[in-house]
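J.: Listed here are the chains, written in short residue letters.
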Amino acid sequence: MADQDITSYNFDGGSALNEGGDFLTGASAGYPLNPMQGTTGGFDTIYTNIANNRDNLPRIDATFREFNEKPELKFVKESFVVTQKADTLDYLDVAYFFHPLQDFSDFQKQTFTIGPLNSVNIDPGSFEGTLGEASMIIARAYYLPESTKDEKILFWDYKGSTRNLMGKIMILTGAIKKDLHWKGWDLDPFSTYGHTGPANISNGGLSFTNPTSKTVKLTIITAN
Amino acid sequence: MATKPITCPYDEGTGFKFYRGNLVLDEGNTMKLPIYLEMRDLLEETVSFSKSRVTLKSERSFLLEQTNIGDDLGYVSFIAIKAVFPSTTVESRKYLEWTYLGNTYYMGELMVLSGKRISATDSIYEGWLLSKPGVYSDLGGIVFTNPHTNIDIKLEILVCK
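Chains as they are written, first to last, in our numbering: chain A, 1 to 224; chain B, 1 to 161.
Keep in mind that the hints were calculated from the coordinates and are not lab data. Glycine residues also receive a C-beta, built at the ideal position from the N, C-alpha and C atoms. Be careful, since some hints might not be right.
Distance condition first, Cα-Cα at most 25 Å in a straight line; then the derived DSS-like pairs of lysine-lysine [as the list claims (entries may be wrong)]: (1) 57/B to 74/A; (2) 177/A to 82/B; (3) 85/A to 149/A; (4) 178/A to 85/A; (5) 32/B to 77/A; (6) 132/B to 82/B; (7) 77/A to 51/B; (8) 154/B to 77/A; (9) 159/A to 178/A; (10) 178/A to 74/A; (11) 82/B to 74/A; (12) 177/A to 32/B; (13) 154/B to 74/A; (14) 82/B to 109/A.
Some, not all, of what chain B presents toward chain A, calculated at C-beta under 8 Å [to be verified]: (15) 34; (16) 51; (17) 86; (18) 103; (19) 116; (20) 118; (21) 128; (22) 158.
I would like the entire structure built from these sequences, with the hints used as guidance.
T.: Written as C-alpha cells, this is what we have:
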C-alpha cells in the first residue's frame, strides 16, 4: 500500500476500530483506507501488525534469490551442459566430433525466414559426389522473444515421411560414400542431377514447416 | 566422420567441429577458425534429465526409453546421442540405425533432437515420445540398432525434459 500518512492504524485483524482508524468488518474486505489515498483493497487481505507507525517499520536489506531455480541446458565450449546455478550437473562432450571435408565433399549454409503456417524445402545443394546424400545436417531455429513455449517448434519431414519435431536445434549425421547411395540423408528430390524433371519428395528432401502464428528464422548447415 | 587426428605441426584436414561454443570450419592450417553457427546462445530450461552410457554390441539393438524423465505422457524435449566407434573404423562404416514411430533413419557420430510436445489440431501429439512401449503408447521409445557384425558402438545419451 502506498500510504504516506503516518497516522497510527491498528490492524489487529479482528478490528481496526480505533480513533482515526476504520472499522474492519469480519466478513468483508472493504477498504480500511481510502483507495484514493494510494492504498488498494477489494480483495481478501490478511493484516499483520508489524509497526504502529512509520518510524517503527523495521529496515531489512534483502537480496532475492530463486531458491527453486530450475536446471538449464546450455552449450558451453564443446559440450552440451546441464547446469543449475553455478553447478554442472552433467554434460555430453562433443569436442571430438569432426566432420571431414573430403575431395568430393561440399557444404552449404542456408538461412530462411519461415512465415506463419509456411514451409520451406531446403536446397538439395550440390552433393552429386554422394548422389545427393549429406552426412551432416545442423539446424538452428531462432524464435521471436514473444513466442510462447508452444510456439517454439518446427516440423520437419524427410522424404515425405511422418513429420517430426524440432525445437531450437537439430543435428543429424550419417555415413556417405563417393558415387553411391549409402547411409546418409538424401536431400535431393530430383531424379536427375541436372534437376530437369519435377521434384518428388519421396526421392529425397528435407522440409521444415512452421505451424505457428509467429515467424521463425532457420539456419541450416549441410555437408557431405 | 573421423575422430580429429592430432598432428604436429598444426596441419590437419579440413572439416567442421565444435570449438569455443560455435560450429567452426577447421581448414587445418590456421588458428583463425571461421564460425558457421553460434551454439553458445543455446539455452533451454529443463525440469529433469538423465545421462546414460550404453555399449551397443554388434548386430544388437537397444531401446532408449525414459518414462520417468518425460512429461505426463512420456514426452521429452531434448535428446542428444554421441556414438563412439573404434578408432580403426573407416569413415563409411561409422553409422548405426535408429527407429522412431516405425520410421528408420541413419545416424553417424552425433544426433541431437529437440522440441517440446505439442498437440496438433487433429488431437495427435507431436514430439519425442520416450515412454516405454505399452505405458502411454505402443510406439514409445527409440530403438538403436548396430548393423555391423564386428564393431561395438559406445553410445552416450543425454535426455532432458
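J.: Are there hints from earlier that the structure breaks, and if so, what are their numbers?
T.: Hints 1, 4, 10, 12, 15, 17 contradicted; others consistent.
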